[in-house]
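*Asks:* Sequences are here, hints too, so could you generate the full structure?
Residue numbers (the working numbering), protein chains in the order written: chain P, 1 to 248; chain H, 1 to 169.
Treat the hints with care, since some could be wrong.
[To be verified] If the Cβ cut is set under 10 Å, some of the chain H residues that face chain P in the computed set are: (1) Thr84; (2) Val87; (3) Gly104; (4) Ala135; (5) Ala141; (6) Gly148; (7) Val162; (8) Ala165; (9) Gln166.
[What the hints assert, rightly or not] Computed beta-carbon distance windows for the label pairs: (10) Gln139(H) - Glu79(P): 29 to 37 Å; (11) Gly136(P) - Gln166(H): 51 to 59 Å; (12) Ala130(H) - Gly224(P): 45 to 53 Å; (13) Ala165(H) - Tyr43(P): 15 to 23 Å; (14) Ala137(H) - Leu110(P): 31 to 39 Å; (15) Ala134(P) - Lys132(H): 40 to 48 Å; (16) Ala134(P) - Gln133(H): 32 to 40 Å; (17) Asp27(P) - Ala165(H): 34 to 42 Å; (18) Asn142(H) - Tyr32(P): 44 to 52 Å; (19) Asp135(P) - Gly103(H): 56 to 64 Å; (20) Gly103(H) - Ala64(P): 52 to 60 Å; (21) Ala130(H) - Ala64(P): 44 to 52 Å.
Just so you know, these hints were derived from the structure itself, not from any lab. Note that the Cβ used here is the ideal one computed from N, Cα and C, for glycine as well.
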Amino acid sequence: MKQTRLMMGMPITIEIVDPQATAAVFDEVYDYFAHIDETFSTYKSTSEITAINDGTLVLADASAEMQVVFAMCEETKKETNGYFDIKTPNGKFDPSGLVKGWAIWNAAKLLEKKGLKNFYVDAGGDIQPHGHNADGKKWAVGIKNPFNAIENIKVMYVNTEGVATSGTYIRGLHIYNPRGGNAPVSDIVSLTVIGPNIHDADRFATAAFAMGVDGINFIERLRGYEGYIIDTKGVATMTTGFEKYTIA
Amino acid sequence: MKKYIIAGVLVVAFVAYLVFANKGSTPVAVVSTTTPTTTDPAPATGTVSGGTTSGGTGTGSGSGSTSGGTTTGTIGQYKDGTYTGSVADAFYGKLQAVVTIKGGLITNVTFPQAPSGGNSSEVSAFALPALKQEAIAAQSANVNTVSGATQDSQAFNESLAVALAQAKN
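*Replies:* Here you go:
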């Protein structure tokens, strides 16, 4: 069974291969995402994060999951030399860069707890697979062409690894620096990270993307993570262990 | 087709933005669009997403927009003025486009609100170490699902569409 719903401004797709999947299971997972949105959406006036940002709720009095998320954000900030930072320029907190991957991971764990073994949860292109696909094979996950959204430029094969892509299209412009000869300044449009789970893959993808061309080196140095970065010229650079995921 | 129009408009807007934004400063001068190494000539969806604005290219900088949206001209497709798009859900944060139209053309797009998620380093010209590189090319293999940054661009499209709808003649 497979379902897609538009939530939190993005398509969330769940496919469950196991025959015991029921409509109620899907509802439960989508209800969890709705709860996450209600709690962590910075533009919902009724959300808990908004109460924190408005100063009407202190973190110490917030829900356990809010405190866990803040602790994880602080940890990620340290691990990424400050590149991951939930403090916005106007002094508010926006943990959504971490919450998305964490929520996908929790949704997958929810399915596991129900005894389901073969499924994936995909929220806006960040994916947590588990087990195998309907053909009994590894899940085949494409990397979207940042220059042509209907095309895939790479296929990765995974069982339980999380796959996250950070990207932007405005960087699909060459910017030439007149002081640096005619060489275009190299910049990146897409960075995909494969990690032990979507939560970790996503938070490191977010931070690594903010590092620009150096992001792939950051991923290269992380044990247990592989990355695939695409620059403005359509040239990809991959970490040394990436290609093992391209074998079906 | 609409997407291509938006894409084209965006490229023009971004060039205009860079030229405009750099009147007061120095470094960046010439801008050209990417030629993807893939076969499809469509330059993506031409979308602009938050990663860049959060990435230190100057959110909302160089705007100089005539806020207040005074309507003065009807030369092109759009009325002159400054138009603010909806605050769109990019999940990574709010995203909102502000479009300035002069002489019927988009002269500036800024992002007073853009997703956060890290502070970018300065654009670095250092070469990557000896990691394997390849030119990207379309793959025809079947996939179960696709990883990509979609949500930001959708949010951008949404916000920009709202801003441009207001500017319509």
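*Asks:* Check the following: the C-beta atoms of alanine 130(H) and glycine 224(P) are separated by a distance inside 45 to 53 Å.
*Replies:* Since the Cβ atoms of alanine 130(H) and glycine 224(P) sit about 21 Å apart, the hinted range of 45 to 53 Å is violated.
*Asks:* Is it true that the C-beta distance of glycine 103(H) to alanine 64(P) lies inside 52 to 60 Å, as the hint says?
*Replies:* Holds, since glycine 103(H) and alanine 64(P) (Cβ atoms, about 56 Å apart) stay within the stated range.
*Asks:* Alanine 134(P) and glutamine 133(H), beta-carbon distance inside 32 to 40 Å?
*Replies:* 34 Å Cβ-Cβ, so the 32 to 40 Å window holds.
*Asks:* Regarding the hint that glycine 148(H) lies at the interface with chain P, is the smallest CB-CB distance below 10 Å?
*Replies:* Where the cut-off is 10 Å and the nearest Cβ of chain P is about 3 Å from glycine 148(H), the hint holds.
*Asks:* May I ask you to test the interface hint for glycine 104(H) with respect to chain P, counting a Cβ-Cβ separation under 10 Å as satisfied?
*Replies:* Violated, because the Cβ-Cβ distance from glycine 104(H) to chain P comes to roughly 23 Å (cut-off 10 Å).
*Asks:* With 40 to 48 Å as the target window, see if alanine 134(P) and lysine 132(H) comply at their CB atoms.
*Replies:* violated, 32 Å
*Asks:* Should the interface hint for alanine 165(H) be scored as holding, given a Cβ-Cβ cut-off of 10 Å against chain P?
*Replies:* violated, 19 Å
*Asks:* With chain P as the partner, please determine if valine 87(H) meets the hint condition of a C-beta pair closer than 10 Å.
*Replies:* Holds. Min distance 6 Å.
*Asks:* Taking 29 to 37 Å as the hint, is the beta-carbon distance of glutamine 139(H) and glutamate 79(P) inside that range?
*Replies:* holds, 32 Å
*Asks:* When you take the CB atoms of alanine 137(H) and leucine 110(P), is the distance between them in 31 to 39 Å?
*Replies:* holds, 38 Å
*Asks:* So does alanine 165(H) sit 15 to 23 Å from tyrosine 43(P), Cβ to Cβ?
*Replies:* Check passed, 21 Å falls within 15 to 23 Å.
*Asks:* 51 to 59 Å was suggested as the range; check whether the CB atoms of glycine 136(P) and glutamine 166(H) agree with it.
*Replies:* holds, 53 Å
Checked against the numbered hints above, the structure breaks hints 1, 3, 7, 8, 9, 12, 15, 18 and satisfies the rest.
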